[in-house]
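Q: Each chain, letter by letter, is given below.
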Amino acid sequence: GAVVSQHPSRVICKSGTSVKIECRSLDFQATTMFWYRQFPKKSLMLMATSNEGSKATYEQGVEKDKFLINHASLTLSTLTVTSAHPEDSSFYICSARVGTGVNQPQHFGDGTRLSIL
Amino acid sequence: AQKITQTQPGMFVQEKEAVTLDCTYDTSDQSYGLFWYKQPSSGEMIFLIYQGSYDEQNATEGRYSLNFQKARKSANLVISASQLGDSAMYFCAMREGGSNYKLTFGKGTLLTVNP
Chain F
1 GAVVSQHPSR VICKSGTSVK IECRSLDFQA TTMFWYRQFP KKSLMLMATS NEGSKATYEQ
61 GVEKDKFLIN HASLTLSTLT VTSAHPEDSS FYICSARVGT GVNQPQHFGD GTRLSIL
Chain H
1 AQKITQTQPG MFVQEKEAVT LDCTYDTSDQ SYGLFWYKQP SSGEMIFLIY QGSYDEQNAT
61 EGRYSLNFQK ARKSANLVIS ASQLGDSAMY FCAMREGGSN YKLTFGKGTL LTVNP
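The listed protein sequences correspond, in order, to chains F and H.
My numbering numbers the first residue of the first sequence as 1 and each following residue consecutively.
My numbering numbers the first residue of the second sequence as 1 and each following residue consecutively.
Be a bit skeptical, because a hint or two may be false.
For lysine-lysine, the following DSS-like pairs were computed, each having C-alpha atoms within a straight-line distance of at most 25 Å [stated by the list, open to error]:
{"id": "1", "chain 1": "H", "residue 1": "K107", "chain 2": "F", "residue 2": "K42"}
{"id": "2", "chain 1": "H", "residue 1": "K70", "chain 2": "F", "residue 2": "K41"}
{"id": "3", "chain 1": "H", "residue 1": "K107", "chain 2": "H", "residue 2": "K3"}
{"id": "4", "chain 1": "F", "residue 1": "K41", "chain 2": "H", "residue 2": "K3"}
Just so you know, the hints here were simulated from the structure itself, not pulled from any lab data.
Computed from a predicted model, the values in this text were never measured in an experiment.
Just chain F, same shape as in the assembly (with noise of 0.2 Å):
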């Protein structure tokens, strides 16, 4: 099956300190990935919607300034979470679209649990 690779899957950094966390397509292109952030116990909040070759589409209430999208390629996409404070602290997870067909799922990454302290 489809295989989505995030890394790295965990991080523990000081505040102040800007993250980048990769999601890459082992074994298809991927125009399309997701960024999603997951609190304990919570449901997963999409962050953004990622467009190869072109601008990420953020959800609202979400700041493109601190969670940088670059998808510059059919495989991989990043996350960058910019000058990171303790309130940052979460699980973020991708997921990429295979296929074109309506019926295809998203398939998702192992995520990355980001600890700032």
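Take the given structure of chain F and dock chain H to it, following the hints.
A: Chain H in isolation, oriented as in the chain F frame:
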């Protein structure tokens, strides 16, 4: 209004028994898709099953089946012969027509399978 409602924060089931996880949805679109995902404590999201709004038959995938009742706007997940490894969070999600394939997730149900 919530688009996806999962009314069971937690469910318990005995090993080898069947369990139904509820999901209701709200949309005015004629074309939409419903998905179920499993999230173990390790965090990854595992796709389980899909039901399209135009599909006349209920979807099945191994031990998973989807009880789709379109008029009631419900898409309940049935897990047969529960196993200990089925203990996880289960999320129902909907993709609406023309939404650029965005998914809207419910709040999830934590399933615990008892030995």
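Q: Does the structure keep K107 of chain H and K42 of chain F at a Cα separation of 25 Å or less?
A: Given pair K107 of chain H, K42 of chain F holds - Cα atoms ~6 Å apart, limit 25 Å.
Q: When you check the alpha-carbon spacing of K70 of chain H and K41 of chain F, does it fall within 25 Å?
A: Roughly 29 Å between the alpha carbons, so the hint for K70 of chain H and K41 of chain F is violated.
Q: Below or equal to 25 Å on CA atoms is what counts here, so check K107 of chain H against K3 of chain H.
A: Holds, because 11 Å separates the two Cα atoms, which is no more than 25 Å.
Q: Is the Cα-Cα distance between K41 of chain F and K3 of chain H 25 Å or less?
A: holds, 19 Å
Violation of the numbered hints given earlier is confined to hint 2; every other hint is satisfied by the structure.
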